[in-house]
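Participant: Sequence:
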Amino acid sequence: MATLTYVYADSTAVLGPLATYAEPHCYDLCSAHASRLTVPRGWDVLRLDLPAAPRLASDELSALADAVREHRDHGDATPKMDDDAGHREAGADGSPASSEDTSRRSLTPPDGADGIPKPGDKPALRILRNPHLS
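Its first residue numbered 1, the sequence shown is counted upward by one per residue in the UniProt record's numbering.
For the record, the hints were derived by calculation from the structure and aren't laboratory data.
Just so you know, even glycine gets a beta-carbon here, dropped at the ideal spot from N, CA and C.
Where hints are given, some of them may not hold.
[What the hints assert, rightly or not] Taking CB as the label site, the calculated pair distances span: (1) Asp10 <-> Asp73: 53 to 61 Å; (2) Ala63 <-> Pro17: 21 to 29 Å; (3) Cys30 <-> Ala9: 21 to 29 Å; (4) Asn130 <-> Ser11: 24 to 32 Å; (5) Thr38 <-> Arg72: 15 to 23 Å; (6) Ser62 <-> Tyr21: 54 to 62 Å; (7) Tyr21 <-> Val45: 20 to 28 Å; (8) Arg72 <-> Thr12: 44 to 52 Å; (9) Leu29 <-> Glu70: 28 to 36 Å; (10) Ala63 <-> Ala22: 29 to 37 Å; (11) Asp73 <-> Thr38: 26 to 34 Å; (12) Ala9 <-> Ser31: 22 to 30 Å; (13) Val68 <-> Asp10: 44 to 52 Å.
Could you put together the complete structure from these sequences and hints?
Facilitator: Shown next, in the form of structure tokens:
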């Protein structure tokens with residue numbers, strides 16, 4: 001994995017280690033795309049040393065595979081939520097709503113809101129003209 005950063009002022013593309021936070025003009029690339037990177041004519045590419053991906057030791061990989069198999073064999077496909085992780089809205093009968101209930105529920109506007117603007121209502125968005133472009 002690598003992060004591609006375009007420096008437009010210098011006409012340079014910098015390919016370096018994976019960034020820890022998002023910045024403008026930065027794109028995360030897989031190793032295959034990072035190795036095939038091409039830039040526009042007249043641009044330079046600065047390739048920084050990329051750290052090798054950490055390899056799991058065979059015992060760590062086996063432990064990970066065993067944990068996945070154990071979870072699968074228990075048949076519990078629904079992850080548990082901690083109370084601190086978030087709350088879900090209760091169902092009509094007072095029972096906790098499942099993620100399936102909340103994701104398939106349609107959204108309805110509040111009472112009296114039909115989505116049609118009324119005369120005298122202020123629009124939610126305004127178009128601002130750039131005085132330098134006019």
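Participant: Does each hint hold? Answer for all of them.
Facilitator: These are the hints, each one checked on the structure:
Between Asp10 and Asp73 the CB atoms are about 56 Å apart, so this pair conforms to the stated range of 53 to 61 Å. For the hinted restraint 21 to 29 Å between Ala63 and Pro17, the CB-CB distance of approximately 28 Å keeps it satisfied. As the Cβ distance of Cys30 to Ala9 is approximately 27 Å, the hint placing it in 21 to 29 Å holds. Between Asn130 and Ser11, the C-beta spacing of about 27 Å keeps the proposed range 24 to 32 Å intact.
Our hint of 15 to 23 Å for Thr38 and Arg72 is violated, since their Cβ atoms are close to 42 Å apart. The given range of 54 to 62 Å is broken by Ser62 and Tyr21, whose C-beta atoms sit roughly 34 Å from each other. Tyr21 and Val45 have their C-beta atoms about 23 Å apart, which keeps the hinted 20 to 28 Å range intact. Separated by about 48 Å at the C-beta atoms, Arg72 and Thr12 satisfy the suggested range of 44 to 52 Å.
Under the hint 28 to 36 Å, the C-beta atoms of Leu29 and Glu70, about 35 Å apart, fit the expected range. A C-beta distance of roughly 33 Å is found between Ala63 and Ala22, which places it inside the suggested range of 29 to 37 Å. Distance hint for Asp73 and Thr38: a CB-CB separation of about 47 Å, inconsistent with the stated range 26 to 34 Å. For Ala9 and Ser31, the Cβ-Cβ distance of about 28 Å falls inside the hinted range of 22 to 30 Å, so the restraint holds.
Between Val68 and Asp10 the Cβ separation comes to about 46 Å, which falls inside the hinted range of 44 to 52 Å.
Violated hints, in rising order: 5, 6, 11; the structure is consistent with all others.
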